[in-house]
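Chemist: Could you put the whole structure together from the sequences, leaning on the hints where they help?
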Amino acid sequence: MPAERAADWLTAPEALAAILNGVRVLDAEERALLEALGSVLAEDVGSPVDLPPWDNSAMDGFAVRAADVRGASVDAPRVLRVVDDVPAGHFASRPVGAGEAIRIMTGAPVPGGADGVVRVEHTDGGSGIGTAEGSVRIRSDADAGKNVRPRGEDVRTGDVVLRAGTVLRAPELAVAAAVGRARLPVVRRPVVAVLASGDELVPVEDFGEVRTGRRIVSTNSYALAAQLAECGVEARLLGIARDTPESLREHLERAAGCDALVTTAGISVGEHDYVVRTLREMRTEVEFWRVRIRPGSAMAFGHVGALGGIPWFGLPGNPVSTMVTFELFVRPALLRMCGRARIHLPTIDAVMRDAYAARGTMMHFPRVRLAREDGATSARLTGSQGSGVGTSMAAADGLAIVPADTDVLPGENVRVVVLGGAPLVEEAPF
Numbered sequence: 003m004p005a006e007r008a009a010d011w012l013t014a015p016e017a018l019a020a021i022l023n024g025v026r027v028l029d030a031e032e033r034a035l036l037e038a039l040g041s042v043l044a045e046d047v048g049s050p051v052d053l054p055p056w057d058n059s060a061m062d063g064f065a066v067r068a069a070d071v072r073g074a075s076v077d078a079p080r081v082l083r084v085v086d087d088v089p090a091g092h093f094a095s096r097p098v099g100a101g102e103a104i105r106i107m108t109g110a111p112v113p114g115g116a117d118g119v120v121r122v123e124h125t126d127g128g129s130g131i132g133t134a135e136g137s138v139r140i141r142s143d144a145d146a147g148k149n150v151r152p153r154g155e156d157v158r159t160g161d162v163v164l165r166a167g168t169v170l171r172a173p174e175l176a177v178a179a180a181v182g183r184a185r186l187p188v189v190r191r192p193v194v195a196v197l198a199s200g201d202e203l204v205p206v207e208d209f210g211e212v213r214t215g216r217r218i219v220s221t222n223s224y225a226l227a228a229q230l231a232e233c234g235v236e237a238r239l240l241g242i243a244r245d246t247p248e249s250l251r252e253h254l255e256r257a258a259g260c261d262a263l264v265t266t267a268g269i270s271v272g273e274h275d276y277v278v279r280t281l282r283e284m285r286t287e288v289e290f291w292r293v294r295i296r297p298g299s300a301m302a303f304g305h306v307g308a309l310g311g312i313p314w315f316g317l318p319g320n321p322v323s324t325m326v327t328f329e330l331f332v333r334p335a336l337l338r339m340c341g342r343a344r345i346h347l348p349t350i351d352a353v354m355r356d357a358y359a360a361r362g363t364m365m366h367f368p369r370v371r372l373a374r375e376d377g378a379t380s381a382r383l384t385g386s387q388g389s390g391v392g393t394s395m396a397a398a399d400g401l402a403i404v405p406a407d408t409d410v411l412p413g414e415n416v417r418v419v420v421l422g423g424a425p426l427v428e429e430a431p432f
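The number in the working numbering is simply the position in the sequence shown, starting from 1, with 2 added.
Don't read these hints as lab results, they were simulated from the structure.
Quick caveat, the model's predicted, so the values are computed rather than measured.
Heads up, a few of these hints could be off.
To be verified - Label-pair ranges, simulated between beta-carbon atoms:
(1) 167 / 97: 43 to 51 Å
(2) 373 / 75: 56 to 64 Å
(3) 285 / 19: 20 to 28 Å
(4) 135 / 179: 40 to 48 Å
(5) 40 / 429: 21 to 29 Å
(6) 386 / 16: 24 to 32 Å
(7) 159 / 206: 54 to 62 Å
Stated by the list, open to error - Capping the alpha-carbon separation at 25 Å, the derived lysine to any residue pairs in SDA-like fashion look like this:
(8) 148 / 128
(9) 148 / 78
(10) 148 / 93
(11) 148 / 101
(12) 148 / 88
(13) 148 / 84
(14) 148 / 109
(15) 148 / 73
(16) 148 / 107
(17) 148 / 54
(18) 148 / 131
(19) 148 / 85
(20) 148 / 96
(21) 148 / 60
(22) 148 / 81
(23) 148 / 76
(24) 148 / 127
(25) 148 / 136
(26) 148 / 158
Think of the CB as a built atom: it goes at the ideal place given N, C-alpha and C, for glycine as much as any other residue.
Modeler: Structure below.
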């Protein structure tokens with residue numbers, strides 16, 4: 003970080019508030035129905051039709067008049083003449099008259115004159131259907147006046163069936179299709195540029211250099227791309243910039259047209275940490291630098307003027323710090339940009355099984371594995387909590403929240419931020 007900028011040392015809630023205040027919901031676009039999955043609906047959707055569009059059968063059986071079947075039993079069946087056969091997708095050729103029945107399948111329109119459907123299990127199945135001698139024996143009156151789904155039972159013409167702000171899942175897409183919407187207006191999902199920097203980094207394809215002991219794999223590039231995919235947003239990987247202003251500028255300019263920028267490493271006080279000074283040359287306004295959390299204190303946030311003022315998330319270089327700060331700060335911001343109301347990972351109470359101490363002024367987020375023990379949720383440390391120990395994150399189900407200057411003893415309760423796709427919530431975890 004350039005010498006002229008002192009560390010802000012925001013608390014976690016302050017940093018989260020600054021970030022959420024610094025992003026906006028993106029504009030709407032129209033998408034084909036299946037391409038809208040996971041997006042947020044931008045406008046209310048109304049129905050131009052009743053659903054179902056006609057009274058229809060809830061059973062496979064026989065459409066009848068209730069008056070003709072009341073009192074029917076196994077010992078005293080009612081015998082009705084079968085005058086038509088109506089599969090789903092077809093309509094009866096005539097109404098049901100006195101002493102008559104029409105065989106009908108589930109979903110088929112109920113013919114006029116009928117006020118109920120006797121399920122096939124309450125009959126002898128019928129005989130001679132399709133001939134002048136077709137008949138059915140009704141052996142129970144339990145279905146008299148029943149098993150008819152009325153027109154408009156689900157939706158009436160003009161009803162709003164989907165509200166703006168709804169996250170579109172499979173059920174919502176089914177409803178949209180049912181009311182004739184082949185395309186939907188949705189909040190545009192952001193395209194997020196990801197830049198890793200460091201002379202020591204190579205892509206996994208160059209693992210041979212790792213074997214020689216000269217380089218390490220840019221794991222943050224892959225972790226961030228995966229985390230972005232989990233958010234339902236598109237990642238544009240800018241590659242790996244070398245530790246020179248020229249290389250950084252060249253790579254950063256590739257983010258033109260993106261909606262947000264995420265960088266890892268290069269924002270500390272090292273002699274070769276050029277990311278922020280290069281971004282300043284690109285008219286970046288840094289909102290804050292440094293947060294009182296561990297891991298992940300070396301975090302920054304701002305807006306890049308040369309890239310249209312898009313938000314910039316400057317994440318630390320250590321792999322655990324990168325992933326933790328993404329989960330706590332970047333994911334909620336991107337989901338806010340997608341138009342979502344529920345943007346935060348949920349928290350649960352758990353019994354800590356290991357001792358943990360958060361010394362000093364930092365809020366700690368140790369990685370924990372969750373399990374059910376003795377009727378309660380327990381949390382155990384995933385091993386070494388160093389910010390470079392990527393396997394500790396791979397083993398984690400959650401992040402315990404340990405306030406600054408706090409000792410947690412075995413058996414004490416902690417709040418845990420749940421990782422791994424649990425339903426999101428509106429309330430921030432801290």
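Chemist: Work down the list of hints and note, for each, if the structure agrees.
Modeler: Each hint, compared with the structure:
Between residue 167 and residue 97 the C-beta distance comes to about 46 Å, which sits within the given range of 43 to 51 Å. At about 57 Å, the beta-carbon gap between residue 373 and residue 75 stays in the expected band of 56 to 64 Å. At roughly 24 Å, the beta carbons of residue 285 and residue 19 sit within the given window of 20 to 28 Å. Checked against the hint of 40 to 48 Å, the C-beta distance between residue 135 and residue 179 comes to roughly 43 Å, which is consistent with it.
Against the hinted window of 21 to 29 Å, the Cβ-Cβ separation of residue 40 and residue 429 comes to about 22 Å, which satisfies the hint. At roughly 29 Å, the beta carbons of residue 386 and residue 16 sit within the given window of 24 to 32 Å. The hint said 54 to 62 Å for the Cβ distance between residue 159 and residue 206, and at roughly 56 Å that hint holds. Using a Cα cut-off of 25 Å, the hinted pair residue 148 and residue 128 holds, with the two alpha carbons roughly 20 Å apart.
A C-alpha spacing of about 20 Å is found between residue 148 and residue 78, which places the hinted pair at or below 25 Å, so the restraint holds. A C-alpha spacing of about 19 Å is found between residue 148 and residue 93, which places the hinted pair at or below 25 Å, so the restraint holds. For the proposed pair residue 148 and residue 101, the alpha carbon gap of about 18 Å is at most 25 Å, so the pair holds. For the hint linking residue 148 to residue 88, the alpha-carbon distance of about 18 Å falls within 25 Å, and the restraint holds.
With a CA separation close to 19 Å, the supplied pair residue 148 and residue 84 stays within the 25 Å bound. Proximity of residue 148 to residue 109 is assessed by CA-CA distance (about 14 Å); at most 25 Å being required, the pair is judged to hold. Taking the CA atoms of residue 148 and residue 73, the gap is about 15 Å. The hint holds against a cut of 25 Å. Distance hint between residue 148 and residue 107 is fulfilled; the C-alpha atoms sit about 15 Å from each other, no more than 25 Å.
Proposed proximity of residue 148 and residue 54 is supported: the alpha carbons are some 17 Å apart, at most 25 Å. Of the supplied pair hints, the one linking residue 148 and residue 131 holds, its CA atoms being roughly 23 Å apart against a limit of 25 Å. Straight-line distance between C-alpha atoms of residue 148 and residue 85 comes to about 20 Å, which keeps the hinted pair within the 25 Å bound. The hinted pair formed by residue 148 and residue 96 meets the criterion: a straight-line CA distance of about 21 Å does not exceed 25 Å.
With a CA separation close to 9 Å, the supplied pair residue 148 and residue 60 stays within the 25 Å bound. Annotation: proposed proximity of residue 148 to residue 81 holds, straight-line Cα distance about 19 Å (limit 25 Å). A distance of roughly 19 Å separates the Cα atoms of residue 148 and residue 76; the hinted pair therefore holds under the 25 Å criterion. A threshold of 25 Å between alpha carbons decides the hint, and for residue 148 with residue 127 the separation of about 18 Å falls inside it, so the pair holds.
Between residue 148 and residue 136 the alpha-carbon distance is near 23 Å, which keeps this suggested pair within the 25 Å criterion. For the suggested pair residue 148 and residue 158, the alpha carbons sit about 21 Å apart, so the restraint of at most 25 Å is met.
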